[in-house]
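Undergrad: Residue-level listing of the chains:
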Amino acid sequence: MRLRLVGLSAVLGLCMLGYLVIGARGDWGFVLAFRGQKLLALLLVGVAIAWSTLIFQTLTGNRILTPAIMGFDALYMLGLGLLIWVLGVPAYLAIPPQVMMLGNVALLCLGALGLFGLVLRANGRDLMRLLLTGVVLSVLIRSLTGFLMRVIDPNEYAVLQGAAFARFSNVDPDLLTIAGGITAICGIAIWRMRHRLDVIGLGPDLALSLGEPGPRSRRAVLLLVSLLVAVSTALVGPVTFLGLLVTNLTYLLFPTHRHAVLLPATGLVAGIVLIGGQGLLEHVMGLTTPLSVVIEAVGGLSFLVLLLRMLR
Amino acid sequence: MRSGLSLLAVALLALVSLGVGAIDLWPATLAEIWPVLRDSRLPRTCAALLTGASLAVAGQIMQQIARNRFVDPMTSGTGQGAALGILLAVLVMPAAPIGVQMGMASLTALAASLGFFALVRRVPPTQPLLIPLVGLIYGGVIWAGTTFVAYQTDLLQFVEIWMNGEFSGVMRGRYELLWLAGLAAALIYVVADQFSILGLGDAVSVNLGLNHRQIVLTGLVMISVVAGLTVVTVGLIPFVGLVVPNLVSQSTGDNMRRALPATALMGGALVLGADLLGRLVIHPFEIPAGTVIGIVGAGLFLWLLYGARGHAA
Amino acid sequence: MIRIDAVCHGIGGQPILRDVSLEIGKGGIVALVGPNGAGKSTLLSLIARLQPLQTGRITVDGHVIGQVRDDVLARTLAILPQHLDVASRLSVRDLVGFGRYPYHKGRPTPQDLVRVDAALAAFELDDLAARALDTLSGGQRQRAFVAMAYAQDTDYLLLDEPLNNLDIAASRGLMHRLRDLARQDGRTVVIVLHDINYAAAYADRIVALKSGRVVADGAPGAVVTDAFLRTVFDTDATVAHVQGRPMVCV
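Chains as they are written, first to last, in the working numbering: chain A, 216 to 527; chain B, 12 to 324; chain C, 5 to 254.
There could be a bad hint or two in this list.
What the hints assert, rightly or not - One-sided and incomplete, this derived list gives chain A residues near chain C with beta-carbon spacing under 8 Å: (1) Gly233; (2) Leu235; (3) Asp420; (4) Pro428.
Bear in mind the hints are in silico, worked out from the structure with no lab data behind them.
Each residue gets a CB set at the ideal place from its N, CA and C atoms; glycine is no exception.
Here chain A stands alone, though its shape is the one from the complex:
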């Protein structure tokens, strides 16, 4: 396992190097600074999505789920919509992006905790019901957002629509510091929870029997998931299947339940997939399609394959 981790790190290093230099022309200082920023953003997003998905899967005891399926990202869009509704489009566009992001992250956490707290209390053990609720809620929230936008001003619908597609290629640099800070704090919290996560992965009854309080750990994990999803959504917009793809690749490479291994491993895999993929698309193949669309297709397909294998 240690060897594999080292190997993955080397691959990630190569990907990063390749991303920085392949096809670069002109002023090296400019190119490196420009691409370096994007690289950093990709890494942040990768870790945020990978870790949020991993601990979410541990919490739910199901390896074919991602928080995005539960509609966390839809909630983020609704937050933006509400902001536009309350403030109006000109004021909305005038808010500094950092403030907007912090506000939206807070809103998202509150919303997610309230929503899922309610569902968990009502139906603590019925996970499938919870998930279906999440999926339907995300449709509801998306429709509500669309509705809201059209009611405010049918012509400004495009403002929100612009934020709806994940775009790895142009990340707002102003957000990087805040996003990095939040991710770091969550990352430390998750790393400190790694042994507890091992136990939580045994399911609510056994975990409780071993002294890990159910509702409290669930809330803590959900809070961390909400924060990380908020960060990644704020940076690049919604991506549904990336987390799924990354965690399951990790499970294949590292057949263990120990989060002390899984956490660094998913982070590395996510970095490789995102940076390698973006590098390939952007610098090698010169494709116009956003990486997110490719990831949706590949990730979705791998989900179905997984499901078939799981049910066999």
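Since chain A is already given, all that's left is putting chains B and C on it; use the hints.
TA: Only chains B and C this time, still in chain A's reference frame:
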């Protein structure tokens, strides 16, 4: 009694729908308003009714086949498959008549439905909610594939129109194929009893000598035709096929011969009502019926999932 | 000592337990029996704080359920729930190792590893230690979970129908092991059983529940009678006595 009330409600809705629009009909003579009615209002009203009725029936049939109350063709791949089909048709043979494109859409929709059933056949009966979940993600995958193709060929705008059902573009001469969808839904009534039996499970079907494969295929063809026609004409409308059969099942039961007419009626009323609401809220602008249904339908679905648990789950 | 005081419990307006009061002293095997839906599993999960208490009060060795810290209770009481689905691909040794988690919180000491080995040996799992859980038979998996609860090394051990997947040899083996635990180590085992004969053969005390109430309580010889079967289980099976123990003739 109940069906009489529903009929009355649909008639009322239709009447209001005929009266609402950008052009004020009051006061004017029949001769003056007839062109507006004939070219725009009547087609729009019919389109909403036909779409709602056929989608609701398609949902009912799909639920009987899957023996699961939470599936819906529009959210589990069939609708997305239809969109992919039209996109491919537009790409490969842009000059082909609309009928051919619809045929293509129905074919891919059928393939997508077959794929869905091949997937969920392995889901154990102990996990009933896994089936709609798989469907939603399966639909999402096809949707992502469609987006990819559309992105590479600069057709994203078209796809977005297909994915968001609305009736503002419906006019005389541009919706008539929907009558075919209505016809497909009506034809399924002929074999309603077979679908009632299908819903009782494999053992009962075999015991009663049902030609399982044939009846399932008939159902899937019908669903796919409805999906292809509605997606091309008005775009994808979610939840109708999911919510309406559940509501009907609670009041009327699962005898298809009784349930199907009620389903069609209620589906038509739901979509027409949603379209009407979308036209009225920010008049003279419009909110797509698909968006309205997304809210109303999801709300109803959650209510089914929690409120009406005894019946639905 | 487990002290249950005036516990009532309902699910969705349906009463499951009605005013149950019970004291379970230290040491020995207490079997909970009763017809389906009598509230046995609910009572067990309330003691083990798997479900929140609605009314009444439960204490375990003075710890008040609902107030005591979960990790403190985890060193006092272990429960083996009825339905166990562990999603992750764990080896048997890893699973049993988790029994020590309440003590080491993720950083096992050599002492913990010794305990795990002892638990594996006690339940004859040495040969299976490296196997993944999902490659085991139902009975083997059941044994692994019991071994995990054993490794938790608590004074109180609650088991919800642990014989469900087991054949007769495995059932007897498990019950023997539990009896040793109770007799030699002075542990308290509270066990939900469906088969009255196992309860009569191994338990020191039988508590019968019906419709959420305690309807019989005492030593097997005194409790298990024809009248008991009739009133509690609504069946006209008769009780014979073999080797001085009551036995239900089915």
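Undergrad: Each of the hints needs a verdict: does it hold here or not?
TA: Against the structure, the hints come out as follows:
Using the Cβ-Cβ criterion of 8 Å, the hint placing glycine 233/A at the interface with chain C is not satisfied: the shortest such distance is roughly 34 Å. Given the 8 Å rule on beta carbons, the hint for leucine 235/A is violated: about 37 Å separates it from the nearest Cβ of chain C. Nearest Cβ of chain C to the Cβ of aspartate 420/A: about 4 Å, under the 8 Å cut. The hint holds. Given hint, proline 428/A at the interface with chain C, holds; its Cβ is 4 Å from that chain's nearest Cβ, closer than 8 Å.
When each numbered hint is compared with the structure, violations occur for hints 1, 2.
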